[in-house]
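K.L.:
Letter by letter, the chains look like this.
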Amino acid sequence: MAERGPGVAMRPIGVLALLLWWISTPALAARWRTDVYANWRYFTRQINHDSLWNPGNLLGLEGRGHQGRLNLESRFGLGKARLVASPVATVDDEGDVTTAVRELYGTVSLGDFELTAGKSIVKLGTGYLFTPLSVISRDLVVNDPEDELRDTEGVNLLKLDYYTGNANLGLVLFEREKWRNLAFLAYTHLRGIDFYGLISYPETRKPEYGMALSTTVGDRVEIHAELMVHRDAPVEYHAVYFADHPETSFRDAALFHPDFGYYKELVVGTQVTVRGIHVIAEYYHNDWGLRPSWWDRLKRHYQYHLATLPDPSRSVDIRSDLRVISQGSSRGLMRDYLFVRGSKSFARARLTGIVYLNLHDGSTVHIVEAQAWIRDGVVLFLQPTVFRGHRGTEFGESWYADSVQFGVRTAF
Amino acid sequence: MIRYRWVGWSCLVWIGFGQAGTAQTATEILQQVDGYRRVAESFTVTIRISDYEFATLKEQADFVGFFSGTEKSVVGCIRGKNKGMNVLMKGDKMWVSLPRSRRALRITPMQRLMGQASNGDVAKVAYSADYSGEIVTRQADEIRLRLRAKRPGATYQQVMLYVDPSDYRVRKAEFFLLSGKHLKTAYYLDMMVVDGRRVVQRIKIVDHVREGAYTTMEYGDVRPAEVPEKYFNVMYLPKLELAWQSADRESP
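In order, the protein sequences belong to chains W and F.
Per my numbering, numbering through the first sequence is continuous, rising by one, with the last residue being 472.
Per my numbering, numbering through the second sequence is continuous, rising by one, with the last residue being 485.
Looking at chain F on its own, in the form it has when it is part of the complex (with noise of 0.2 Å):
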């Protein structure tokens, strides 16, 4: 029906921002990673996402996205495949709507797995909330963070965390199944400064069942903006246009 896999990563971006502190327990470090997260308690943010097969572009897209706190957004299509598809996400509940009959369905933590590179359960976008940790390594250079999910339905039952201890911006993050199976990685790349905060501006994903393929997401014109409550609601769903709205916004 559609690869939601880009909305999760559009949330999990934000997990790369960083900040000086003095962080000494797992969960102390994860309230950091976390707490620089938003630009804002509510903004606005483009994403292009590219899908690449032994360095070969495959497939592109632009979502534009609105967040509200750390449990709820809705991301469009604006250019791509899906052009039209709204995605929103409650904490780890999620809708989309289907544009041309003009409606919203339920969909299953799974569904967001949907495409050939599985990127991620979309709806966390807390580690802290949905994750607790433990600190495996503390190194002068890196911290590094097992992180066990709270509940039995979280799409990824652990994560391995690589943080930079001097700000503690995420480096990467390894995704693991309930099975054990290492699915991926994601590299915080690039980063931009919104605001006076350090964001990750690329990311890119390396997916570890098919060889050669990865995905890099490019973020833009963030902005904080206040999202009407009504966005957060299913059966606003289908009437919120989101392509038209960002019809002014810039690609990243």
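If we strip away everything but chain W, and leave its shape as in the complex, we get (with noise of 0.2 Å):
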């Protein structure tokens, strides 16, 4: 659904320091190893022309293109210590390349210890797509949850681990927009049941808590859980949410950063096999998310401008304010929505397909992938991806286009 690429793009003389650094690591290294991945994809987008947010195509976001990306994975041994390098160089179908540190991290292991520091990639949770206790790397989307594409970047942080068979705790300082980022988490095993805890003191400085389960029932069904309590939310609200005449009104500054309380955020899943079909199915809510009547007051306030003003960029501002709101949150605008993955695997193939439903209109998003190994290490995959919902509704008229992409990934 959503797309992203490497986000922070390296300095010259990073690239140049990474690469010398890559060069002459392997002859200090006891033992080292590189993956070399690489994928390659061509996109078209197909943008819902009575869209309320882009009628006519007002804006011009139908498009096609290509874009490779090829990723060296190195690891290095030195006594006790671990180095990971992994660089990314990503071109698009204009020649630009963009390069960036996907991730970059050393480790020390001193017994049950393990203290990690660099920018590395760090999940936690039980959830498949929702993983709301992952505070420390964030987004997942909802088409490569496993990040099949490896877009997902690490976070600078310094992490120390203690593990037991059976136990890990763990304290990890990360950096957001500021190095001010602190969490505590626990993991133990109890009865056949996995339980974590978080707690969590972010920049903001309002604390997060949050904990999650996750077991089996009978030989197959699997269920999971996480809720997270945010003193702060991560979202922006628009004024006329609130407002008694949202057609008439203005303000210029009209979005505002809310501050209402405790907003909770939680997932419910399961995993289910059933005749060799692999089905993970996930509820999730959060609190910070739009009402129906909030959707509809903004929708009247946008339908309004669009039709009364000569000049339509007051109702594209009004359109980038709405991708402004949207950004706290890479599942959508509203509440609550449901995610269901089926997934069946053959010898040299696996055909997958995912909805995800909002659960206050109804709309919806279809994505099938075909996935074939056409020899160890490459796969050609098709993907397309389609948005239901009518006019009103949140994946039928907002910005979300009706795509493919096909390619190739890699893996040596």
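Because the hints were derived from the structure by calculation, they are not lab data.
For every residue, glycine included, the Cβ atom is placed at its ideal position computed from N, Cα and C.
Possibly wrong hints are sitting among the right ones.
Claimed, not checked - A few chain F positions that, by computed beta-carbon distances, are all more than 10 Å from chain W:
| no. | residue |
| --- | --- |
| 1 | S275 |
| 2 | F276 |
| 3 | F287 |
| 4 | A288 |
| 5 | G317 |
| 6 | R339 |
| 7 | R371 |
| 8 | K414 |
| 9 | H415 |
| 10 | T418 |
| 11 | Y420 |
| 12 | L422 |
| 13 | V439 |
| 14 | E451 |
Claimed, not checked - Quick list of simulated restraints, FRET-style, between CB atoms:
| no. | chain 1 | residue 1 | chain 2 | residue 2 | range |
| --- | --- | --- | --- | --- | --- |
| 15 | F | H415 | W | G166 | 51 to 61 Å |
| 16 | F | M393 | W | G128 | 49 to 59 Å |
| 17 | F | D454 | W | G166 | 25 to 35 Å |
| 18 | W | V277 | F | D423 | 35 to 45 Å |
| 19 | W | R198 | F | E304 | 48 to 58 Å |
| 20 | W | K140 | F | D428 | 21 to 31 Å |
| 21 | F | A273 | W | A246 | 29 to 39 Å |
| 22 | F | V369 | W | L411 | 20 to 30 Å |
| 23 | F | D454 | W | H317 | 27 to 37 Å |
| 24 | F | A458 | W | A246 | 21 to 31 Å |
| 25 | W | L218 | F | E367 | 56 to 66 Å |
Need the complex rebuilt from these two chains, each delivered in its own frame; the hints are there to steer you.
P.N.:
Structure follows, in structure tokens:
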């Protein structure tokens, strides 16, 4: 659904330093290994021309293109230390090359303790797509929840872990806008149930608390749940949500940050295997999402100005506001969603179907992915995505686009 | 998500260990069978799995496994479709790592069976722990044992073992579902000697559901090893770089 690329491009000096380090370290390392991952994909986007937010393709969002990516993932062993470097280069259809670092960190093992420093991907929790507990590395996208295209980037952090065979305690200092985010996490396995706990003290100085569990029931059913309580909402609200006459409400600064108390974010999910088909279903809720009445007011506001103002730029501004509103959550704008994924594996192929449902208005995202392993480490994939919803629904009239992407992934 | 079945057979192979003994009851025979399952309390091994249809190779993958006791193991795919993926088993609990997104997920026993050949209940590494046995026939050249699952959640409710009475080596094992359906038969073929113990080197698993389908598993580079306890912690699973650590290992 969302498309992401490496977020922070490296400066040339950074690339050079990494290259030198990458070349020289094997000479020092007791053992080293490099895996090469590359993917190329072609994509085409077809915008919904009936979209309230993009009438007549006002914004010219249709498009097609291709993208290639090369990721070298190297590991070096130096005694009890381990270094991991994972630079990424991405080239688009105009030939522009962007370089970034997916991960670059060192780890030192001291018995049951382990110290990690650098840029690393750290996922927490029990959810498949929705992972409220994962306050460090957050985003997973609907059309690539296992990060097959290696889009996810690590977070700069300093992490101390203590492991036993059955428990883990971890303390993480990590960077978002500032190096002022702290998280304490705990895991244990008791009576067949995995328990996770988290206390986070982010740079907003508004603490977050979370817990998660997972277990199996019988031989076919797995269940999992996560609950996070936030003191701060990661979104912006629009003033028209609360206006008596949203059509004519104007404010120069329409967006504001809400502060209404505690916000819950939770996921309840299951995995079931039936006749060789593996099904994952997750219900997701957050307290900061839009209520249907708020969404309705926003639409009325937008429609009024689109119809009455000679210059549509003002309505485009409102649409831009909507983008800002949505940036706090990669899941969508509303409060409740359902994710269902079914997959069946064959000897050298896998077929996957995904439905992502807005439970407030019934609009959906449908994704089908066919993968074929044509030889060891080489996978062809085809992934059409279709958004459905009548005018007035989130997926039916936002900027989401029907799309098709196909390509090849390699791993050596 | 993954063809977990490989992992199961990588564990079950060690049931083929055998040495001479004087077991009389089914329980004693099972203890003999289980007692020869390991070259050490903990060890590592490499495994090559080859999937055939009508004698044509369809898929091949290499794994490295770390085993501790009879209850704990972690197996990583170092070549093949699921390269980089690790599977952790503790008793009848199982987790799989998703290597690209650096996380581990709990999975169900039935997910172990995903894939066409459906090769087994991967978490069950000790027959005597998970099954109760009875002697069906005892002849000079063969003992037949019928094993029944102690727990209803077991993938196979019944296993028929064909045991060599001279050394209690399993020659053949037949696996049945709860419905009584005969799902597959495992033939324990070549043997090798590791630290003075005989170890099964190759198993052929015939699938009775898919006509013409069978899988071979070849074992090699068996080494007694100290396996750190944290390797069996699910939080450590995404960090466990078995492919890297086993770079110097010899495939079967």
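K.L.:
Does T418 of chain F really sit off the interface, with its C-beta more than 10 Å from all C-beta atoms of chain W?
P.N.:
holds, 20 Å
K.L.:
Hey, is G317 of chain F genuinely clear of chain W, shortest beta carbon separation above 10 Å?
P.N.:
violated, 8 Å
K.L.:
Could you see if the CB distance from H415 of chain F to G166 of chain W stays within 51 to 61 Å?
P.N.:
holds, 53 Å
K.L.:
Classify the label on S275 of chain F as holds or violated, using whether its beta-carbon is more than 10 Å from each beta-carbon of chain W.
P.N.:
holds, 12 Å
K.L.:
For K414 of chain F, is the shortest CB-to-CB distance to chain W above 10 Å, so the non-interface label stands?
P.N.:
holds, 14 Å
K.L.:
In terms of Cβ atoms, is chain W entirely out of 10 Å range of R339 of chain F?
P.N.:
violated, 4 Å
K.L.:
Is the hinted range of 20 to 30 Å satisfied by the C-beta distance from V369 of chain F to L411 of chain W?
P.N.:
Given range 20 to 30 Å: violated, Cβ gap about 43 Å.
K.L.:
Measuring from beta carbon to beta carbon, are A273 of chain F and A246 of chain W in 29 to 39 Å?
P.N.:
holds, 33 Å
K.L.:
Has the hinted range 56 to 66 Å been met by the Cβ atoms of L218 of chain W and E367 of chain F?
P.N.:
Taking Cβ atoms as reference, L218 of chain W and E367 of chain F lie about 58 Å apart, which means the hint holds.
K.L.:
Is it true that the C-beta distance of D454 of chain F to H317 of chain W lies inside 27 to 37 Å, as the hint says?
P.N.:
This hint is violated: roughly 59 Å between Cβ atoms.
K.L.:
Is the nearest CB of chain W more than 10 Å from the CB of H415 of chain F?
P.N.:
Non-interface label stands for H415 of chain F: nearest chain W Cβ at 18 Å, farther than 10 Å.
K.L.:
If I take the minimum Cβ distance from V439 of chain F to any residue of chain W, is it greater than 10 Å?
P.N.:
The claim stands: V439 of chain F keeps its Cβ more than 10 Å from every Cβ of chain W (closest is about 16 Å).
Taken one by one, the earlier hints fail for this structure at numbers 5, 6, 19, 22 and 23, listed in ascending order.
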